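Participant: Residues per chain are reported as follows:
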Amino acid sequence: MDFTLAPAVLAYRERVRSIIAAHHTPQTEHHQHTSGTFNNPALNRALAADGLIERAVPGLGAGDPIELWVLFNEMEKAGAPLDALAMAVMIAGVVQHVGTDAQKAAVIPAVTSGGALICLGYSEPDAGSDLSALTTRAERDGSEWVINGAKMWTTMAHEARWVILLARTDASLPRHQGLTMFLIPMDTPGVRVDPVHTMATERTNATFYDDVRVGDDCVLGEVNGGWRVMGVALSFERGVMGGTNPGVPLLRHTAAWAQESGRITEPAVREKLARVAIDNHVAALLTQRSAWIAASGGLPGLEGSMTKLFASESYQKASRWFQEMAGAEGLLQLLQPGAAAHGWIEYDARHSPVTTIYGGTSEINRNNIAERHLGLPRMRR
Amino acid sequence: MELALSPDQRVLLEAFEQFFRRESAPMVVRRAEPLGFDAELWAALATMEVWGSDASLSDLCVIGEMAGRSVAPVPFAEHAVASRVLGWSSLFSGESIAGFSPRPANEHGVWSVVPAGAVADVIVGMDRDEFVALVSPPPMAGPRNHASAPLADRSARLGELSILGTRRDFDRACAEWKVLTAAMLVGLAAAALEMGVEYVQQRQQFGVPIGAFQAVQHALADLPGRIDGARLLTHQAAAALDAGGGGICDVANNDITDAHALASMAFVFSADIAADSTARSLHFHGGYGFAEEYDIQLYYRRARGWALVLGDPTTEYLALADRLWPDDAPARRAAGS
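Those sequence lines, one after another, are chains F and A.
Per my numbering, the very first residue in the first sequence carries number 1; after that it's consecutive.
Per my numbering, the very first residue in the second sequence carries number 1; after that it's consecutive.
Some hints here could point you the wrong way.
Output of the computed footprint for chain F on chain A, the stretches with three or more beta carbons under 8 Å from beta carbons of chain F [to be verified]:
id	region
1	242-256
2	265-272
3	311-323
Keep in mind that the hints were calculated from the coordinates and are not lab data.
Keep in mind the model is a prediction, meaning the values are calculated, not measured.
Note that the Cβ used here is the ideal one computed from N, Cα and C, for glycine as well.
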């Protein structure tokens with residue numbers, strides 16, 4: 001096996017690193033943690049201006065999937081906000097794959113220039129892991145669709161230019177078959193965004209759709225083909241667009257704290273730092289494997305499940321270890337005097353719980369691995 | 001980047017998968033207890049011309065994983081490492097057996113609880129400041145132990161002594177031993193998981209296979225990703241050693257390519273997953289898993305035994321920490337103060 005990156009990929013990585021270093025600053029971090037909006041438009045635009053986003057767009061960019069992985073892994077390791085950009089880039093790939101010429105012309109340049117965001121309207125108040133139970137409906141009225149319903153966890157809806165919305169268009173069909181994906185401008189009348197504030201500072205949203213009228217030009221893919229479009233999105237994500245190395249900034253911050261505080265000399269501290277370094281390294285190798293499988297023409301769905309499960313569970317374990325290690329100072333938040341690791345340890349202890357929930361819970365991933373990898377019975381008790 | 005085995009390695013994998021399946025069936029593993037060495041298997045392995053071949057460490061990892069799958073009662077890692085250091089034709093032919101002591105000799109010149117110590121004609125390891133080989137007659141017996149492994153105390157001084165090098169040379173050999181042991185533990189862990197999956201599909205309770213219960217499924221589903229991670233890490237470490245060592249430890253960027261750090265990481269990570277995989281698989285066998293008649297207990301005991309001969313894993317984590325954060329290593333601090 002050869003784990004080394006090609007010179008062109010290393011050069012890409014260096015460009016990404018230098019742009020992140022220039023645009024992800026203590027000031028932008030501070031703004032992120034006071035506003036609750038985890039997105040850095042200046043960073044996105046700078047990456048775009050250098051052509052780095054266009055190169056990475058899944059299924060479209062010359063650098064996909066290896067550079068796609070490198071881009072988001074570098075952002076994650078640096079602690080730069082990446083989910084907003086990742087959603088937009090992924091949906092740009094989907095639009096390129098299944099969209100109309102008009103949709104492509106509107107969306108792709110807007111995303112690759114680094115300006116436009118797109119949020120995901122999948123989950124609902126009563127449909128999360130069991131997404132096919134969703135009840136948001138789109139009904140025909142002449143040449144228009146009339147959409148009514150509510151979506152949860154539409155993160156970045158308050159900044160996004162579009163939402164991709166999964167809605168039921170034919171209730172007479174089996175649950176997965178009667179769904180259609182829509183690509184809707186967020187300024188369409190009848191769309192409402194309410195903030196949902198989270199334990200980890202980041203703001204997400206509930207979005208409401210009240211007699212939202214759109215034309216066929218807003219259908220993404222085929223009518224009643226929404227589940228397939230979602231499959232395209234998942235197949236483009238491949239587990240390489242961030243979310244598998246959150247332990248890297250945590251370890252960096254904690255090691256720096258241990259050095260500053262002198263705790264680095266304690267064997268108990270050194271052991272835990274080493275263990276987390278191993279988990280971070282393994283999570284990176286598993287992610288690299290997904291990128292390599294995708295680059296070899298495969299679809300690393302199961303491997304992505306394994307990676308996400310391992311990475312998020314390890315991160316949670318690490319954030320608990322480190323907060324306990326820091327003791328009372330591990331309770332103090334960002335910018336508070338005396339806070340361990342300037343408050344990053346406390347932040348990660350608040351952030352880590354969500355990572356085993358969003359993007360597929362640990363339980364859904366374990367089901368997936370048990371059924372499709374281990375071959376255990378699908379009917380569970 | 002190429003994360004698949006090479007075509008040649010796939011041939012090796014298939015050949016040795018079949019070899020160990022045929023020659024190291026559970027009956028052979030049991031027959032070798034409690035000593036933990038089977039002379040017939042050893043002789044058969046010699047005919048496969050592993051030793052003294054131009055096989056890279058990466059190639060040996062492929063073979064070692066297959067030996068681990070069958071918990072083969074032969075000192076694979078020890079003999080491979082010692083043969084590479086000594087280059088003796090008697091070792092290449094399998095006529096002589098070599099052991100490797102990953103821990104230095106004590107002040108009395110004794111290597112304690114040496115892997116393959118019960119059966120090896122020559123042991124290599126550290127004594128005082130030197131990396132040495134000592135030829136002496138093997139006891140062909142040792143203390144009964146958890147893993148039914150051929151462990152024994154051996155003298156580092158009484159016998160025919162050769163000086164092989166310094167601490168640095170030992171460190172290189174020890175890194176190779178860690179990587180090969182890690183490969184064997186990966187194979188052991190993967191086989192234990194497969195045994196558990198097979199059992200929970202057959203065993204019926206409450207009118208269904210117990211593998212239909214989510215509690216059982218989920219505990220098993222945690223394992224394959226960690227096993228795959230251990231295999232990737234082991235191969236990365238082997239490739240780094242094959243490339244001659246070197247590399248960096250840039251923890252801040254999660255960029256660790258240092259061969260010795262990778263070897264250490266591969267060893268402890270593989271040991272950890274082997275311990276978990278065998279424990280969960282044994283547990284889901286219910287009472288039968290505890291019975292000698294079932295094979296999973298053979299795997300459970302070796303998962304621990306093959307790793308613990310290096311010592312408390314905490315010590316290895318601390319040694320790794322000294323590589324990753326060298327400025328704060330205790331030795332460095334002591335030297336500076």
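Participant: Each hint should be assessed against the structure and marked as holding or not.
Facilitator: Each hint tested on the structure:
1. With a cut-off of 8 Å between beta carbons, the region 242-256 of chain A has 5 residues touching chain F; three or more are needed, and the interface restraint holds.
2. Coverage of the region 265-272 of chain A by chain F holds [criterion: at least 3 residues with CB-CB distance below 8 Å; count 3].
3. Counting residues of the region 311-323 of chain A whose C-beta lies closer than 8 Å to any C-beta of chain F gives 6; at least three are required, and the coverage claim holds.
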